[in-house]
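Novice: Each chain, written out:
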Amino acid sequence: MSALAKTAYFWRSAAGGLRHSPFVHFIAVSTIAIALFAAGLARGASRVVDNLLSSLGGEVEVTVYLAPELGEDEVHGVHERVQQLHVGDVTVVPPEAALVRLRRELGDLGEALAELPENPLPATLEVRVPAERRSPEALRTLAKELRAQPGVTAVDYGEAAVERLSAIARALRFGALVAFLVVLGTTIIIVAATLQLAIYSRREEIEIQKLVGATDRFVKAPFLLEGLLQGLLGAGLALLGLWTFGRVLGPTLGSLFAFLLGPGVSTAWVEPRTALELVAAGCGLGLGGSFVAVGRFLRV
Amino acid sequence: MIQFFHVYKAYPGDPPVLQDINLNVEKGEFVFLTGPSGAGKTTLLKLIFCGEKATKGQILVGGRNIARIRESAVPYLRRNIGVVFQDFKLLPHRSVADNVGFTLDVLGVPRAEGREKVRRMLKLVGLEHKADALPLRLSGGEQQRVVIARALVNDPTILLADEPTGNLDPALTVEIMDLLTQVNIRGTTVVVATHDATLLARYQKRTVRLERGQIVSDEDGVKAARRMAV
Ligand SMILES: Nc1ncnc2c1ncn2[C@@H]1O[C@H](COP(=O)(O)OP(=O)(O)O)[C@@H](O)[C@H]1O
Ligand SMILES: [Mg+2]
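Just so you know, the sequences run in chain order Y and E.
Note that the first sequence covers residues 278 to 577 in this note's numbering.
Note that the second sequence covers residues 15 to 244 in this note's numbering.
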């Protein structure tokens, strides 16, 4: 009963604080909202990049060049050994087929190839790598394993492109982390500053509370709650912003990226999971700021 | 109920405000603490409710040594002590009823129950009709009575009143003193700090006189009455 009465008191007190100095709280709430909105956008953007990576990865096919002097039986031998590595679908492209393909790809120029006295192309194996093995590290290991096979002269998997894309993704992630930490710090400082003002404007009340027997926790609770409310409001605003952003710009962006993403790829900006994360982050920011303020400015 | 043993108090950088105070107030007693302005009356009261810490000596309140009390135990001590502050300490933007109920909020008394207690308390001090007024709209005497109501609303075992009649005209002074006497008769230990000699003359209770931080006399009610009669 008493706990309930206290809880009710804390809510009244915290809500009273928000009402008492709306401008200060507006600033804190907007700061949290902007930070979370940016985080949500970054989240969406990184999802786009991830989708991009995996859709490019869909074309990852490793070409294994075999020594030109291998006869047909030996090519089959290598084929079988590579298949036993269980690295995905392996198909043999005999030299003749390779030549035909090359001629087709070269078009008019290809006619010149007909003049060649003999086929200069070696037999190749084409390995279609399953999705879970497409990370740059996995591909590098695979290439090494394939190169070690007898009869293999070279392995090619679009190394440069894969490496560059994953480097970009890494850089993006790192940048996002740094930005996140900076925003986290600033937001907490701003929330703490607004609560410092709130504590200052209620110092008389705090003094009397203590004189009539309030515990430290009782004095502190409304301010922590106030921070929490700020965080929740900020998260709510950010979600509203993201949702509006998705509604207004989503279709445009969707069609812009459609060719890259392929069909069936989600372009939603506010997924339930993201929403939960943002709300949790908002609570964290608000509570973090109020903890700092209460710890530093509420000498009880 | 309240015991002082060789208590000293000095504010940092100043000479001592209280020196070698020895005092024993029994449960249910009514005591006047008197002396000229600046004698240390307010400071002595503050020591009792841990508003200040003694520099030296031991203070027992309800059997507890508050010189050694943990910071976290102070709130629980204060819940048993009602204080009428000399400077009122009312919240200007809260109604009279809210100010009186403040003590109960802190203790987590449910609202409905609290409102009823506040109403009864305001009736006792004759301010029922001002429950929704803001303190600044009240006269000094009315504010004084709000403060008394706030101090008493939680039925404290000890009531400390610092110049509770300082702002009142004679008629109201009688009313307030009657109120404090009633509270005392119901069993609350009451300590009233006052520099008002007429109050001492009229009520003839045990009187502890402070001068320049030292107790210069401590007369019981009978003695005080005899001296007044002379
Ligand atoms: N917070 C304080 N800091 C420094 N000196 C104080 C403080 N409070 C009171 N004093 C000094 O202590 C002395 C006693 O004050 P006080 O206890 O208020 O006396 P009284 O209530 O009898 O008028 C005075 O000289 C006053 O200036
Ligand atoms: Mg005084």
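A portion of the hints provided could be inaccurate.
[Said to hold, decoys possible] Here's a subset of chain Y near chain E, in silico, CB distances under 10 Å, partners left out:
1) Ala280
2) Ser290
3) Leu419
4) Ala420
5) Glu422
6) Val489
7) Val569
8) Arg573
[Unchecked claim] Here are the simulated lysine-lysine pairs, DSS-like style, with alpha carbons at most 30 Å apart:
9) Y:Lys487 x E:Lys70
10) E:Lys41 x E:Lys67
11) E:Lys70 x E:Lys103
12) Y:Lys283 x Y:Lys487
13) Y:Lys421 x E:Lys144
14) E:Lys237 x Y:Lys487
15) Y:Lys283 x E:Lys131
16) E:Lys131 x E:Lys144
17) Y:Lys421 x E:Lys70
18) E:Lys144 x E:Lys70
19) E:Lys60 x E:Lys103
20) E:Lys237 x Y:Lys283
21) E:Lys103 x E:Lys237
22) E:Lys41 x E:Lys131
23) Y:Lys421 x E:Lys237
24) E:Lys131 x E:Lys237
25) E:Lys67 x E:Lys103
26) E:Lys131 x Y:Lys487
27) E:Lys67 x Y:Lys421
28) Y:Lys421 x E:Lys41
29) E:Lys103 x E:Lys144
30) E:Lys70 x E:Lys41
31) Y:Lys421 x E:Lys60
32) E:Lys103 x E:Lys131
33) E:Lys60 x Y:Lys487
34) E:Lys103 x E:Lys137
35) E:Lys41 x E:Lys144
36) E:Lys70 x E:Lys60
37) Y:Lys283 x E:Lys70
38) E:Lys137 x E:Lys41
Since the hints were derived computationally from the structure, they do not count as laboratory data.
Virtual Cβ for every residue (Gly too), placed ideally from N, Cα, C.
Novice: Could you tell me which of the hints above the structure violates, numbers in ascending order?
Specialist: 3, 4, 5, 7, 8, 13, 14, 17, 18, 20, 21, 23, 24, 27, 28, 31, 35, 37
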